[in-house]
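Turn these sequences into a full structure, and let the hints guide you.
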Amino acid sequence: MTVLVAYSADVYGEAALDHGIAEASAAGERLVVVNVTRGDALVDERYAGADAAGSLRSRLEALDVEAELRQSMSPDVAGEVLAAAGEVSPRILVVGIRRRTPLGKLVMGSVAQRLILEAHCPVVAVKPAG
Amino acid sequence: MDSLSLLMDGFGSALTPTNLLYAALGVLLGTAVGVLPGIGPAMTVALLLPVTYNVSPSSALIMFAGIYYGGMYGGSTTSILLNTPGESSSVVTAIEGNKMAKAGRAAQALATAAIGSFVAGSIGTALLVLVAAPVADVVVELGAPSYFAMMLLALLAVTAVLGASRLRGFIGLFLGLAIGLVGTQTGQPRLTFGQPLLADGIDIVVVAVAIFAVGEALWVAAHLRRKPLDVIPVGVPWMSRDDLRRSWRPWLRGTAFGFPFGALPAGGAEMPTFLSYITERKLTKKPEEFGHGAIEGVAGPEAANNASAAGTLVPLLALGLPTTATAAVILAAMQGYGIQPGPALFDNESALVWTLLASLFIANALLLALNLPMAPLWAKLLRTPRPYLYAGILFFASLGAYSVNFQWFDLLLLLVFGLLGLLMRRFGIPVLPLIIGVILGPTLEYQLAQALAISSGDVSTLWSEPVAVVVYAVLILGGLALAAKSVIDARAPRDTSAPDEREKVDA
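In the order they appear, the protein sequences are chains A and B. Position in the first sequence (from 1) plus 34 gives the number in this note's numbering. Position in the second sequence (from 1) plus 1247 gives the number in this note's numbering.
FYI, nobody ran anything at the bench for these hints, they're computed from the structure. Only a predicted model underlies this, so the values are computations on that prediction, with no experimental measurement involved. Hints are not guaranteed to be accurate.
Dumping the calculated DSS-like pairs for lysine-lysine here, alpha-carbon to alpha-carbon at most 30 Å [what the hints assert, rightly or not]:
| id | chain 1 | residue 1 | chain 2 | residue 2 |
| --- | --- | --- | --- | --- |
| 1 | A | Lys-139 | B | Lys-1474 |
| 2 | B | Lys-1474 | B | Lys-1349 |
| 3 | A | Lys-139 | B | Lys-1627 |
| 4 | A | Lys-161 | B | Lys-1474 |
| 5 | B | Lys-1732 | B | Lys-1532 |
| 6 | B | Lys-1627 | A | Lys-161 |
| 7 | B | Lys-1732 | B | Lys-1349 |
| 8 | B | Lys-1474 | B | Lys-1627 |
| 9 | B | Lys-1533 | B | Lys-1349 |
| 10 | B | Lys-1349 | B | Lys-1532 |
| 11 | A | Lys-161 | A | Lys-139 |
| 12 | B | Lys-1732 | B | Lys-1474 |
Rendered as structure tokens:
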């Protein structure tokens, strides 16, 4: 089986990644990390740039289990993660969640909410420590 | 009254709360649009042209000048942190600035850019105060033939000197002149296609907003999704004593390059920033640092672009000749108020001019105060999703174009010229010659008609004034030099790696 992590280059994504690594290592499962950007702004800090992606890859390579990082660009971030989930049929999907005001959710939408509601596998929602 | 006491009066009215507010608004907006690549001061001033219907001339011009100066500051932030120039005037800054940032010296690069811009802007504005009024006094003696010659020079120089391809430049210029012809101002209808709504000509607000804002928005919409760039995180800019020691000479040299180039008809900021960079690379005591983040390579060009912005205002105020896109749109705003920039401006609108000049000093100080502590905040602007940004721009563009005459026809024109703007970007045709052609074309024709009316149709009047003869001589010499250069280039073996990179059209 596989553990799928919806990753973003911030504390929420790191929390999800840590949990995903722990889950995959414990069960000896394959780990797939997806990092998606909408690509509509000049700068997207939640998308791992060349340096960050490199260090992330080497961290994944150092694991005992098979692990890969997939980066892509799509107007629909949640849809892209769900497509990856449909492809690898993971045992669980790990996503970092953040506090959102109702207004913030209205304006920005919520990737985590769509993943929780629409994924066909169990979704583990992780919060950063502290 | 001498200039100094006039300037003091100017400070008096520039420091009123209303005008201070407009200056602050201008520099904030200017910095913001400077930070964002693709959106520049020219587009912003064009979008704000409709406010001139409700705001007093001095307040509006203070705001526009603040936007112009602010754009020069803001561009450097993007150049340094993102390696993508925020403005065409900051292209050179990116060379060393981004290397500095990658080496962990982003704070110092931003500091030398901001302080250098302040130094250069202050010196440039002081020079503007000293130079503009005497120039205007000389120019006021000139007649229509000399004006005609100078405008011709400005049009041809801007077209021929700037940009990679002269053919594309002239395509832009003639498109602009053709748009300027539309209407019945001369008595008979020209290019109106029997359409009564075109009889008054095409309003410059519509053309400027369409070419700068709609054209750019459509262009961006065609390339909406791009991989995000790596931005280098930064704290509050600061510099050490050693950085300061290495920066102050490049600042002054950059100012010396920037101001005269800005004041020349073929000015703009691209050439002096480039020259300043070359000079600093030659003069530096640490040549090994160039290419790896030398602070001199940031200090000089950044000073040069701000000094050139001040220099641009000399021909604009004293002659009524714009040499950059932003200056052209500011000129359009002045014409909208019925103020004719030129030598008579200093006599007829003395209070307005001196308030504007005083507020330039204030804007410059405001920019330094804003930019040093707020650089990290400005960098956050780069995260704005493009759809939101350009939806807003299109909204204001349509609103602005409609508010000119409250006619649907203007919205149609907006769309047509917006498509033209998109095509110009697609085929690398520069927008500056077009916009200057639209604005100067009718004035050029007026001066020609004036000269011929006085001489009752005798064409030789065109070279009857010494200034005109000198200008034509310069034109002919320049033309010969260009012809000689292209002959030499044609004989030389063709460089196979000819740069066909599309020129970045920065509005």
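Query raised in the report: Checking against the hints above, which ones are violated?
Result: Going through the list in order, the structure violates hints 5, 7, 12 and respects the others.
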